[in-house]
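**Q** Listed below, chain by chain, are the residues.
There are 4 protein chains.
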Amino acid sequence: MMTIKVGIQGASGYTGGELVRLLARDPEVSIQFATSQRFAGQPMSAIFPHLGNGPELICTPLDDLSVVEGCDLVFCALPHVTSMEVVPELLQRGARVVDLSADFRIVEAETYQSWYGVAHKAPQLLSEAVYGLPELTDHAEIKKARLVANPGCYPTSALLALAPLLYNRLIEPDCIVIDSKSGTSGAGRSPSQGTLFSEVQEGFKSYKAVGHRHTPEIEQGLSRLSGEKVSVRFSPHLIPQSRGILTTCHVKPLVQRSGQEWQALYESYYGKGGFVRVLSQGNLPATNHVRGSNHCHLSVIVDERTGWLVVVSVLDNLVKGAAGQAVQNMNIMFGREEAKGLDQLPLFP
Amino acid sequence: MMTIKVGIQGASGYTGGELVRLLARDPEVSIQFATSQRFAGQPMSAIFPHLGNGPELICTPLDDLSVVEGCDLVFCALPHVTSMEVVPELLQRGARVVDLSADFRIVEAETYQSWYGVAHKAPQLLSEAVYGLPELTDHAEIKKARLVANPGCYPTSALLALAPLLYNRLIEPDCIVIDSKSGTSGAGRSPSQGTLFSEVQEGFKSYKAVGHRHTPEIEQGLSRLSGEKVSVRFSPHLIPQSRGILTTCHVKPLVQRSGQEWQALYESYYGKGGFVRVLSQGNLPATNHVRGSNHCHLSVIVDERTGWLVVVSVLDNLVKGAAGQAVQNMNIMFGREEAKGLDQLPLFP
Amino acid sequence: MMTIKVGIQGASGYTGGELVRLLARDPEVSIQFATSQRFAGQPMSAIFPHLGNGPELICTPLDDLSVVEGCDLVFCALPHVTSMEVVPELLQRGARVVDLSADFRIVEAETYQSWYGVAHKAPQLLSEAVYGLPELTDHAEIKKARLVANPGCYPTSALLALAPLLYNRLIEPDCIVIDSKSGTSGAGRSPSQGTLFSEVQEGFKSYKAVGHRHTPEIEQGLSRLSGEKVSVRFSPHLIPQSRGILTTCHVKPLVQRSGQEWQALYESYYGKGGFVRVLSQGNLPATNHVRGSNHCHLSVIVDERTGWLVVVSVLDNLVKGAAGQAVQNMNIMFGREEAKGLDQLPLFP
Amino acid sequence: MMTIKVGIQGASGYTGGELVRLLARDPEVSIQFATSQRFAGQPMSAIFPHLGNGPELICTPLDDLSVVEGCDLVFCALPHVTSMEVVPELLQRGARVVDLSADFRIVEAETYQSWYGVAHKAPQLLSEAVYGLPELTDHAEIKKARLVANPGCYPTSALLALAPLLYNRLIEPDCIVIDSKSGTSGAGRSPSQGTLFSEVQEGFKSYKAVGHRHTPEIEQGLSRLSGEKVSVRFSPHLIPQSRGILTTCHVKPLVQRSGQEWQALYESYYGKGGFVRVLSQGNLPATNHVRGSNHCHLSVIVDERTGWLVVVSVLDNLVKGAAGQAVQNMNIMFGREEAKGLDQLPLFP
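Residue numbers (numbering that gives the first Met the number 0), protein chains in the order written: chain A, 0 to 348; chain B, 0 to 348; chain C, 0 to 348; chain D, 0 to 348.
Everything labelled a hint here was simulated from the structure, so no lab data went into it. Ideal Cβ placement from N, Cα and C applies to all residues, glycine included. Don't take each hint at face value.
Anything over 12 Å on all C-beta distances counts as not near chain B; from chain A, calculated [as the list claims (entries may be wrong)]: (1) Leu-56; (2) Val-117; (3) Thr-136; (4) Asp-173; (5) Gln-259; (6) Ala-263; (7) Gly-270; (8) Leu-283; (9) Ser-312; (10) Phe-333; (11) Gly-334; (12) Ala-338; (13) Lys-339.
Below, in silico cross-link-like pairs of lysine to aspartate or glutamate (DMTMM-like), each with a Cα-Cα straight-line distance of 25 Å or less [what the hints assert, rightly or not]: (14) B:Lys-207 / A:Glu-266; (15) C:Lys-120 / C:Glu-88; (16) C:Lys-339 / B:Glu-337; (17) D:Lys-251 / C:Asp-173; (18) C:Lys-339 / B:Glu-27.
Could you build all of it, start to finish, from the sequences and the hints given here?
**A** Shown next as structure tokens:
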């Protein structure tokens with residue numbers, strides 16, 4: 000039996016905890032180290048009491064990279080900017096990297112700079128990094144990659160929702176409305192007034208209605224699929240719940256098709272048995288139907304009255320939108336079955 | 000001091016309870032009766048324990064209309080279809096009516112039939128009924144109305160968000176995306192699996208992504224404002240919270256204006272001191288900022304990159320989206336100050 | 000018409016916001032100033048967007064006490080320790096004070112020191128301060144007080160639940176279990192990991208199972224009522240909701256009585272029409288039945304099988320447990336009707 | 000590799016869905032059938048969309064027991080009363096049974112009748128049924144049992160919390176206060192007004208403060224442990240969350256011991272590596288630390304001031320409180336490792 004030796008950089012955030020949850024029970028994976036700036040020296044079970052029955056892991060400091068020696072793969076769950084400072088050295092030490100930050104998702108360094116407000120510190124890696132959205136990316140590229148850029152949670156939900164349409168150039172490329180809603184775990188575990196329970200409860204709200212940083216990642220992905228420049232109207236919202244993203248896409252078809260035809264297009268594009276499940280006509284997605292799992296549920300509905308098409312997707316932002324997709328990428332990189340360690344059914348209710 | 004004698008038809012739903020909450024402390028209003036089909040004979044405080052310190056009201060049966068005698072105004076909070084069976088008789092007995100159902104909102108009987116699947120039973124009243132959205136309707140019409148059709152919760156949020164744009168014909172009339180999100184109280188108090196706590200918690204979902212019955216009401220309102228036929232893409236969602244609607248409108252301007260200019264347009268349209276509050280640039284609405292109050296908060300933001308305009312509105316679906324707006328209409332009908340009895344500040348957190 | 004000129008020290012916490020909500024609509028009260036350490040110079044509507052339609056108040060710095068001149072009353076909503084540094088000066092400047100911190104609730108300076116870990120800085124005021132729980136305190140004392148110590152939220156819920164029993168010495172004084180549950184707003188608005196939405200949601204928990212600082216306040220109150228030393232077993236818990244406290248008291252009666260007799264005792268103790276409502280047999284309290292109001296609901300149930308008595312109380316921790324009770328004390332201090340400005344019905348759902 | 004052929008009676012409730020979630024990924028278990036009265040003929044994925052990626056199971060009618068042939072074990076997740084009508088026939092057809100209802104937990108038929116208000120219909124099985132709480136029950140008994148009565152959720156939390164104390168007779172047996180709090184999934188999936196989202200949200204409440212039917216099950220279990228009659232004061236509450244039970248026990252020790260000594264007693268009683276985890280001093284349980292897992296977290300704290308002892312336990316009511324414990328029992332019955340199929344880490348946040 001193979002053993003993949005992995006490390007986790009930035010293990011004390013929600014994504015780090017989720018990586019441990021998913022990897023701890025995988026007999027072919029051995030977690031070699033976990034780092035944390037704030038909690039160095041503490042066991043993961045103190046940082047995350049729910050991991051008390053998991054593996055015993057003591058967090059090491061972020062800057063002690065000696066732990067990387069002998070690792071096959073490092074999951075880098077650091078904030079953006081910090082990540083691009085660390086990743087080059089991880090690669091240099093011989094580890095392959097799945098980076099969960101935004102730092103290696105955008106191919107153009109200038110685009111990165113204009114949205115993130117800081118010059119890219121490792122631009123030489125941008126063309127090498129493989130954007131790892133396995134349902135849309137050539138698996139051969141992921142398999143041989145040294146550095147995989149793990150997609151953002153919103154972009155994953157939007158790209159999976161729209162891929163069949165853009166790939167086939169079936170919609171107007173400048174009339175794409177992406178209205179997304181996310182649970183609060185996407186905002187991370189750092190204390191802030193805006194994500195206190197008392198502020199969020201009963202307080203659905205709009206934030207970054209214009210200019211959210213996931214926009215260029217979505218546009219880059221859709222443009223690749225369609226082969227022409229795509230621009231989108233993207234607005235996120237905060238749901239009073241912990242996990243889950245639901246994205247509603249309103250688009251204008253260039254062709255007229257029946258509901259069954261759109262349905263068939265989607266079913267054929269994604270096939271059966273994968274992580275993307277196209278719901279049958281009449282069913283609509285809910286975030287608690289994919290909670291804790293790596294699945295994405297999709298519905299496509301035509302509004303015959305107006306001619307618009309609506310596509311709704313849901314996924315768990317910490318799994319398919321982060322840690323689960325990272326494990327999926329690892330599986331492909333190391334020649335394992337794509338769904339290995341990701342077969343847990345969702346937790347409902 | 001004047002006393003307005005009012006009755007409530009259908010008092011055991013959330014809207015009925017909310018009407019009592021708002022009216023009970025008004026020294027100029029006397030609640031003469033409250034009816035309930037399921038709870039006839041029971042005191043409101045048994046149906047709604049939070050009203051235990053309110054007025055003592057014993058619910059009478061729905062079909063005993065003798066209680067209407069002497070009433071100045073009846074709030075009709077019955078389900079659609081039931082309402083149009085009762086309203087004609089209420090009027091005949093001399094009471095004025097604010098109807099909170101959908102039955103008298105749509106002017107065309109055929110449109111009503113095609114969306115609600117049943118022939119209208121009082122079509123003769125449709126042209127007489129005044130659509131009571133006080134910020135957009137001529138107050139003189141409301142003041143003299145025998146029958147006011149109280150707007151739906153989603154339509155109120157959408158119409159207030161888009162009125163300044165349509166009234167001035169500043170956007171493309173066939174490219175209007177209205178993405179709405181509502182708390183569960185809008186689904187009423189009747190037991191159903193879909194609105195159980197265990198089903199809704201952590202389960203943000205899409206429902207009626209196409210074909211929701213509030214669509215024609217929104218289109219009728221926007222068409223009136225602009226003077227030309229407007230069609231909209233409307234999709235609602237269910238938020239895991241009790242109260243509140245947030246509506247995000249994505250529209251395409253026909254003219255190019257700066258953020259300040261759009262802001263000025265909205266501020267000038269709504270003025271100061273009313274129930275609609277245009278938030279200053281940089282602030283976005285949240286449902287818990289209007290919880291329990293009759294206010295609507297709006298933000299208008301231009302997406303300079305794509306040219307689209309985003310307008311976000313929030314309101315409390317049981318207050319400005321139902322009972323509060325009904326009281327506002329009552330105030331206008333009886334020549335009272337518009338905000339009378341509606342001056343409570345929101346409950347936060 | 001009288002006008003009471005009031006000021007609010009520490010207006011940027013939830014209690015400060017709640018004081019503004021309650022006072023802003025009172026025609027006989029004028030808010031002269033509001034202070035905030037963190038937000039000095041900012042309007043209350045920026046700190047609390049839900050107050051956007053309330054009075055225009057710019058927060059002044061905490062240490063500029065010149066604003067106190069001419070004020071009749073200052074509500075001091077500062078954290079403990081800070082409060083006892085400020086209160087003496089407020090009194091010196093001629094204002095009466097309702098202090099919402101714990102600093103003046105405990106009569107013995109040593110007891111304060113042993114529970115709060117710091118020597119009391121104004122011990123000379125401890126005997127003068129009147130513990131303002133109006134249902135249990137002599138109103139004459141409150142009326143003439145310069146300094147009223149506003150009770151804590153947990154103590155209010157426990158004392159109201161147990162007063163009729165202790166006053167009449169009907170239960171074993173050393174076998175009193177007080178199991179309390181509170182919403183997160185009681186933990187304040189300062190960012191902390193433990194009160195983030197993602198941590199609290201679906202995460203009911205025990206905290207301070209032993210040694211919570213409200214314990215001596217409860218014991219002092221119960222001992223006063225019974226005239227003998229009472230000790231209690233008190234444990235609080237955190238509910239995944241914003242507002243509301245529910246306290247369950249398990250006690251052992253010294254006498255045998257029927258359910259009706261216990262009910263009669265409670266109804267007679269509290270009478271009708273006040274803020275304490277004894278629910279009829281068969282009904283049990285829920286926090287959303289008093290949400291936003293100054294009421295406390297109580298149930299008393301005898302467990303005939305074991306002989307124990309159970310008393311359950313609910314109140315809104317920010318209203319009857321803080322700001323509402325402070326207003327109630329103000330009303331008594333200034334000779335107004337006790338319920339003035341506190342007649343809003345609860346917000347449900 | 001062995002294959003255990005199992006069936007699920009009453010698969011459309013939350014417990015049924017949870018059994019499928021846990022069993023579907025177990026390579027040694029084959030689910031032969033699932034029955035549902037309301038949803039016969041429908042696939043489990045229609046009843047529970049989150050199981051859409053699980054096994055394809057079409058529900059059969061409850062009364063068609065032909066499906067039982069060839070099954071090794073039937074999980075009976077029916078309501079009480081219904082269960083005792085079905086179980087005898089299941090046994091007669093040769094299947095072993097784990098019954099998740101209350102019907103076979105109480106040894107005395109008269110006690111059952113007095114609490115459940117109905118005469119027992121299969122009293123001959125009561126002495127044969129093994130109460131399957133594996134941490135407290137002799138595994139040899141479970142292993143050879145034809146019929147295992149799976150414990151209730153509240154009793155599991157209370158018995159695990161108190162077992163070390165009662166087994167060693169260290170507390171007063173008539174002064175045991177058990178104050179429990181449960182999420183709404185324990186109330187089942189049948190529509191009812193009381194468990195609607197709008198009613199539960201922000202509405203922590205007490206229910207069955209006296210006389211809850213789990214009381215005799217708790218007393219029977221504690222009496223067995225101590226060898227003398229134990230009576231308890233038990234009151235449950237409803238938490239606004241879906242999953243999780245937290246039970247706070249307040250008891251009076253007969254002996255004086257330090258915190259470390261109590262801690263040592265608990266750690267030694269439960270050992271390491273099992274499903275019960277005794278938290279180290281200073282840590283207190285939270286329901287989201289065991290969400291989705293079969294673990295129970297415990298804390299024991301001495302209140303040195305009053306001499307009382309507090310024990311707090313948490314578990315997931317659908318897992319350790321129902322389906323997970325049933326799988327644990329199955330594992331013991333069929334000679335498998337006790338934790339097989341139950342090694343998923345909790346889902347947090």
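**Q** For each hint, tell me whether it holds in the structure or not.
**A** Right, here's what the structure says about each hint:
Under the 12 Å C-beta cut-off, the non-interface status given to Leu-56 (chain A) relative to chain B holds; the minimum distance is some 28 Å. The beta carbon of Val-117 (chain A) sits about 19 Å from the closest Cβ of chain B, which is more than 12 Å, so the claim that it is off the interface holds. The claim that Thr-136 (chain A) lies off the interface holds: its Cβ sits roughly 26 Å from the closest Cβ of chain B, which is beyond the 12 Å cut-off. Chain B draws Asp-173 (chain A) into its interface by the beta-carbon criterion, the shortest separation being 8 Å against a cut-off of 12 Å.
Separation of Gln-259 (chain A) from chain B is adequate, the least Cβ-Cβ distance of about 15 Å exceeding the 12 Å criterion. Look at Ala-263 (chain A): its CB is around 18 Å from the nearest CB on chain B, clear of 12 Å, so calling it non-interface holds up. At the 12 Å boundary, the C-beta of Gly-270 (chain A) stays outside the reach of chain B, the nearest C-beta of that chain being 24 Å off. With a minimum CB-CB distance of about 5 Å to chain B, Leu-283 (chain A) fails to clear the 12 Å threshold, and the non-interface call is violated.
Against chain B, the non-interface label of Ser-312 (chain A) is violated: not every CB pair exceeds 12 Å, the least being about 10 Å. With a cut of 12 Å on Cβ distances, Phe-333 (chain A) stays outside the contact zone with chain B, its closest approach being about 33 Å. The beta carbon of Gly-334 (chain A) is kept farther than 12 Å from every beta carbon of chain B, the shortest such distance being approximately 35 Å. No Cβ of chain B approaches the Cβ of Ala-338 (chain A) within 12 Å, the least distance being about 24 Å, so the stated non-interface status holds.
Remark: the non-interface label on Lys-339 (chain A) is consistent with the geometry, its nearest Cβ contact in chain B lying 27 Å away (cut-off 12 Å). A hinted pair counts as satisfied when its Cα atoms are at most 25 Å apart, and Lys-207 (chain B) with Glu-266 (chain A) qualifies at roughly 21 Å. Between Lys-120 (chain C) and Glu-88 (chain C), the direct Cα distance comes to roughly 12 Å. Compliance with the 25 Å bound is thereby established for this hinted pair. Taking the CA atoms of Lys-339 (chain C) and Glu-337 (chain B), the gap is about 24 Å. The hint holds against a cut of 25 Å.
In summary, the hint linking Lys-251 (chain D) to Asp-173 (chain C) is supported, as the alpha carbons are separated by about 11 Å, within the 25 Å threshold. For a cut-off of 25 Å, the pair hint linking Lys-339 (chain C) to Glu-27 (chain B) stands: about 18 Å separates their Cα positions.
Of the numbered hints given earlier, the model fails hints 4, 8 and 9; all others are met.
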